[in-house]
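Novice: From first to last, the protein sequence lines stand for chains Z and Y. Read in order, the letters of the first sequence are residues 3 to 597 in the numbering used here. Read in order, the letters of the second sequence are residues 171 to 563 in the numbering used here.
These are calculated hints, taken from the structure and not from any lab test. Just so it is clear, the structure is predicted and the values come from calculations on it, not from any experiment. Don't take each hint at face value.
Dumping the calculated SDA-like pairs for lysine to any residue here, alpha-carbon to alpha-carbon at most 25 Å [to be verified]:
no., chain 1, residue 1, chain 2, residue 2
1, Y, K305, Z, V124
2, Y, K305, Z, G17
3, Z, K167, Z, F271
Reference excerpt, derived from the structure (chain Z facing chain Y, CB under 8 Å, subset only) [stated by the list, open to error]:
no., residue
4, A40
5, L168
6, V243
7, P246
8, I358
9, V368
10, D383
11, I500
12, S541
Even for Gly, the Cβ is constructed at its ideal location relative to N, Cα and C.
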Amino acid sequence: MTATSENLSMVETPGVAWRKQIRFALIGALSTAFIALAGMPVGLDGRSIIQPVLSMGFLSLLWVPFVLATIAGSEVVLEGMTARTRDSKDLLAGGIVGLGSAGGLVLLMVLIQNFNLRDPLVNWSPQLLNLLSFNRSLAVGGLLWVLLGLILGVFGGAMHVLPKKLCSRIRTVVLSVFAVSVLETFLTDLLEGFRLEVLTDFVYYKRGGLEVGGALLVAALALLIPLLVGTRIRDVKKQVVDLPAEERKRVNLILLAVSAALLLVLPFFLGKIANELLANVGLFVLLALGLNVVVGLAGILDLGYVAFFAVGGYTTAVLTSPNSPGFSPELPWPIALIVVVVLTGIVGLFIGAPVIRMRGDYLAIVTLGFGEIIRLLFLSDWLSGWFGGAQGITNIPGVDVGIGTVKGTDPRSVFLLVLVFCAIAIYVSWRLENSRLGRAWMAIREDEDVAEAMGVNTTNTKLMAFVVGAVLASFSGAIFSAKVGSIFPTSFLMLVSIIILVVVIVGGMGNIAGVIVGALVLIGVLGGPKQPGLLQEFSQFKLLIYGALLVWMMLKRPEGLVPNVRRTRELHQDEFLQDAWLKGEIDTGDQEELS
Amino acid sequence: MHLGGLRCNSTTVTLGTDVATTHDAKRISRVLWVDRFLTFIRLAFVVVIAVGLFAFIAQQIDPQNPLARWLNPDATGLTAPQFKGLLVTGLAQGAMYGLIALGYSMVYGVLGFINFAHGEVFMAGAMSGMITSNKLADAGLWEDAFLFCLAFVVITSILISTAVAVIMERIAYRPLRGAPRLIPLITSIGVSFFLQNVSVVLLGPGAKSYPSLPTWLSQKRSLLGFEIEGTKLVVLLTAAVSMAGLWFLVERTKTGKAMRAVAEDKEIAALMGIDVNRTIVTTFAVGGAMAGVAGILWGILFRSVIHTTGFLPGIKAFSAAVVGGIGNLGGAMAGGLSLGAAEATAPLVLLEPLGVDGVSQLRDAVAFAVLIFVLLVRPSGLFGERLSEDDRA
């Protein structure tokens, strides 16, 4: 056994895989042509990243050669192999990918000049051609793109040649400039809260985007801050980790308390837009935490999750609004909430009971069916006497909390309310995850038959997942209807279920922190089904990006951005086994025979 | 005719029922409240259907009779031509669902997961049909040489749909073979969402229409006492022809044998010298071609297509596949026809006599209710499912 692993450790990874590079060059060509035809360069041209130099439109094309060259250059180093030293061939490989990506674009430009396919393809326009050729002739534009592609491709390849430390520095700088530019609305709002308009005026251009000077400043900060405080932070971290368990717990608690206090104070320093944005993110955090219990912990793919959101929203509307057509008790919101929670829990049982024994994929489609049925019922003329049909229910009062009313016109109060409920939801999910019930959920997710054999009552446990998920969604629905003030069936399309699913999966199934990060990144930056995010220009592309992201995450990183350790093990079992075999940790039968 | 049909038919059935009964016996031994609740739901479904039918019959005998009056004060009753019209419309749509359902059923039989994005393959077929037929109409050929044009349109949209299905398999599903069951399912939802929005960004968000059809095609003809519009007749005939072609492919050719073998057991099939990857691609391609045909039929029936065209018919087609018994190709077509007929007639036959307002809005809800009902009462579908042991888990 030891002999095997020694032998393997001599093996170097093979050299540049040229066929792979050519494949990636073709993928690059298709991607750039597709992005151009999808209208991203033209549609996003208005949003600049660095004022006169770079707009989001061009960025939507420029990342392709760089990222693809980097991916094409990466090689899997299996356990027991050593990575080869990289040389100039890798630069050439990157260049090929870059050239391919630019080639797709040049070909598209030539085609646009000579043919007119505007009829089916809406973005096949002279405007696109002008933009792509930098308002110059086709030849100049094409040449520029080839050059740009080559440079960026070589750069992408160089990410494997340059020393690791330098690469990570470059990455930090580029990402921070991008992030600061994307977060413009939010940061301006925040800095204005602290009366620091001078800083924002220096960094940001008047009509969006960074000034060149501002970009340089951000880049310099991103370069310097890790240099200055990086080692110190590492020391502090090490000290905390080295503390005895009890002390560490106390430190963690203090950190939690401080961040909670900061979050509670934050809304008072933010303007309307940022508060509104964060309130929307919070609503989706609530929904995603609920779906996380169902999908992430119990492993039940519920595609009709929006039904619970709808029931929560509609019940609140019926109970509190004076305009509710059928039954209008005009209860105050907190009392209505109790009814809402109980009712949604019952609906969770009703939907859960018939589907609980079905195969996983049947369950998905039947829950989807339930979601649609509930929306159609709210929309129908049949029940319009209670729910108002397509006209919905309007004039829903805000939440009266004594010192004031929480209403959509005052996003700060909504954000505070959402924050309170998020805290409840996080606490509930966290306690549940480590409880007997949570462990039962995870056991069912991993293997239902084994869980049953171990004495888990699978039926009740799965139903509990449905009910908990439903209740968390009903919180969101109740706040949503009080926030918006009116409620329509169009707010509860199947689309919403899918977007919540994307949030959970991109963030990390089964991980509370992951789900929150997912909601912040996706809903905050790209926007929800109807709510705009920081990148409002993206609204026509966000669903496309959600779809692509879902596929990409499933293929490359099914455990999500912030992975849950146990879930990662499950999803990458094969790889773990393979590495373990190479390390000689697992005895396989055939090796015993050999010895 | 079914995938996985290498097994003798009769043994499959007995095996299936044996397994089912022992399974049920285990459940019954400790009756849970969930079981009682399920029985209650099943009964409720049956009662609604029975009362609805009874009220319908009462209303047909005389709209003024007290029972019909009591349930629905505005009862008018259906005339025979109205009912026949509904039935024909439902069957034509059902035949289309059936064609799409074949793709779901075959992929489920072979890979054991729902390819959610199959509805979008159908949409791609309808979209490409729209583009080519409009181009031909612009060139002035559509009216003059209609049949030639139609053949061209059908061939292009079959090619496009097949290409979409094959590329989808290669990029999104092949790397995931052997992953936990939920993973390919979630991926297919992502693919579906992505393809829908690709159509939005490339072709624009609005609804697009097909050029008008020649009158000899769209005029009504009477056949066997039914007044059928020519388009619906075309849809039914095309579905029958495609179904026959598929039957020949699956049952009488080597490719079909390979498909059935792979559906039965991938590893053993590979040991027998069958190229599993290639067979799976073929399955996707055949399913894609059927969806392409269905796309053109959609264009002929409704003459309008939008990016969400694939979504609901896709879900309904999957329901049809489940209703007929997944993996069972004849069942898929039969399921499609029955789902189409149920969805067209049930709102007026069952719900209207019960006094439900605006029943036509509830068509889709009826389709989903049929799915839920079938899964509650007979989870293996009306005609029995044909799956390998692994996929049945």
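Novice: Flag every earlier hint the structure violates by its number, smallest first.
Specialist: 2, 3, 5, 6, 7 and 12
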